[in-house]
Amino acid sequence: MEQEHFDPDFKEIYEWYIREEQEESRKIYDEIAPELTLPVRRIRRWWYPAAAALLILVAGTWALTSDKSPFQSKPKYTEAEVRQSLEKTIRALSICSKTVREEFSHIEDLSAMTDAIKPAKRTPAIDPKSDSNTIKN
Amino acid sequence: MHQKAFLDLIEPLKPRLFGFAYRMLRNREDARDAMQELMMKLWNNRKTLETKGNIKTCCFTALYHDCIDRLRKRNRFRLVTGSDLIEIQDNVKVDQDFENNDLIRQIRESIDNLPYKQKVIMELRDFQEFDYEEIAKMMNMTVNAVRVTVARSRASISEKMKKEISYGTGTL
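Listed in order, the protein sequences are those of chains P and E. Residue numbering for the first sequence follows our numbering, beginning at 1 and increasing consecutively. Residue numbering for the second sequence follows our numbering, beginning at 1 and increasing consecutively.
Okay, chain E solo, but in the shape it has when bound:
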């Protein structure tokens, strides 16, 4: 694959991929490094890239694994024994630039406090608008399990937000 073909393929995905990495890592520099790493991986494997079915799915899967590795290195979360769910151990420090809105901060916290896998699935579903089938493939889960996870996550966020803010009274 030539450089131009590669760029045509990857360039439109870059902002979304960065958004994913940024929300997963909650750190600008780490997200940038993860993106750079991904770009290099994709470039090195450009010959096989065309043969891989969905490039978008492929990119997000690779980035997801890279984000997990980075978080592991940071020792910021622990693996729950007997489960494949991963939880963030400490409160993720968000760049101060984005702390100017209380509501955003509260929703963000409630999402960040979800088990890591749930958070990733929510991101892929709500922010990146992947199908349940695609998410299932990426996360190595069944479609039904993804549906259940999304339902639980949404219910959990709704519940938390109900307690924390009076969104029902029109105070947004």
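Chain P on its own, in the form it takes in the complex:
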């Protein structure tokens, strides 16, 4: 070290002083070094918990709102769908009822002709005029 302006006696002391000071500051630096982090490291430190929190938020939102979610308690069919299905069923039953009436109308005539014959167990005759055979809408 160039210390040309120092008294030769003091020069030695000063050099010793510099070494001591440097040693001391180095000791303190070693203690605080772990606290001196780069911003990048800081970001990484909170990036993972933040990403996990975001993932949980997205998953939670999906679970509560999506139709495909197993946690979803929404009804399977809408009112309109149920109504449409019922109408279709009623229409089918009406057609079915009409067909049955037509098919079995001659059986009624036969039974009138063979009035004496009483079967042990008869199929109930269908009255074409009866309202009970049709399903009311």
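Possibly wrong hints are sitting among the right ones.
[Stated by the list, open to error] For lysine to aspartate or glutamate, the following EDC-like pairs were computed, each having C-alpha atoms within a straight-line distance of at most 20 Å:
no. : chain 1 : residue 1 : chain 2 : residue 2
1   : E       : Lys160    : P       : Glu12
2   : E       : Lys162    : P       : Glu15
3   : E       : Lys162    : P       : Asp9
4   : E       : Lys56     : E       : Glu134
5   : E       : Lys163    : P       : Asp9
[Said to hold, decoys possible] Just a sample of chain E residues kept apart from chain P, beta carbon distances all over 12 Å, derived:
no. : residue
6   : His65
7   : Asp69
8   : Arg72
9   : Thr142
[To be verified] Chain E regions said to be covered by chain P (calculated; three or more residues, Cβ under 8 Å):
no. : stretch
10  : 18-25
11  : 33-40
12  : 104-110
None of these hints come from the bench; they were simulated from the model. The structure presented is a predicted model; accordingly, all values stated were derived computationally and were not measured. Think of the CB as a built atom: it goes at the ideal place given N, C-alpha and C, for glycine as much as any other residue.
Fit chain E to the given chain P structure using the hints.
Showing chain E alone in chain P's frame:
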């Protein structure tokens, strides 16, 4: 600049930079904060860092300015009217851990009582071993002015120590 390149560049300088900040501020927490601030500044400007000639000089200059700002905020020193020299107003409180040696304390006091700019120049020259040219660039001074400042500071410290301790009699 990638993180690794940045660290390779800055990491070796960190202990010296901290030593500078610590001796300038004489406070462990303030020195740590100044260092952290510097690291962030350097990281944010990492793209231009490579284009700047001497990174070491650049780091010390930035830290020097940060230390001045911190001391200003503390109101611990005053600007001398009509001069760019800055003096420490009150006695700098040194961590008790380092007060165990009387001689060190006396030399430290005599250096701390120098005008602030002289103290910085002494630090850069004697502790950080910068060239006169580099110091001149950092402090915005001429090389000759730096030489004169160093000579005056050393003479002043020598004189003070002569009065305070009998170093000439081998009582170190």
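Results for each hint:
1. E/Lys160 - P/Glu12: holds, 16 Å
2. E/Lys162 - P/Glu15: The given pair, whose Cα atoms are some 16 Å apart, holds under the 20 Å limit.
3. E/Lys162 - P/Asp9: The hint holds at about 10 Å.
4. E/Lys56 - E/Glu134: holds, 10 Å
5. E/Lys163 - P/Asp9: With a Cα-Cα distance of about 14 Å, the restraint between E/Lys163 and P/Asp9 holds, given a limit of 20 Å.
6. His65: holds, 19 Å
7. Asp69: It holds; E/Asp69 is separated from chain P by about 19 Å at its closest Cβ, greater than 12 Å.
8. Arg72: Per Cβ check, E/Arg72 is outside 12 Å of chain P; nearest 23 Å; holds.
9. Thr142: holds, 18 Å
10. 18-25: holds (count 4)
11. 33-40: holds (count 4)
12. 104-110: Holds, because 3 residues of the stretch 104-110 of chain E bring their Cβ atoms closer than 8 Å to Cβ atoms of chain P.
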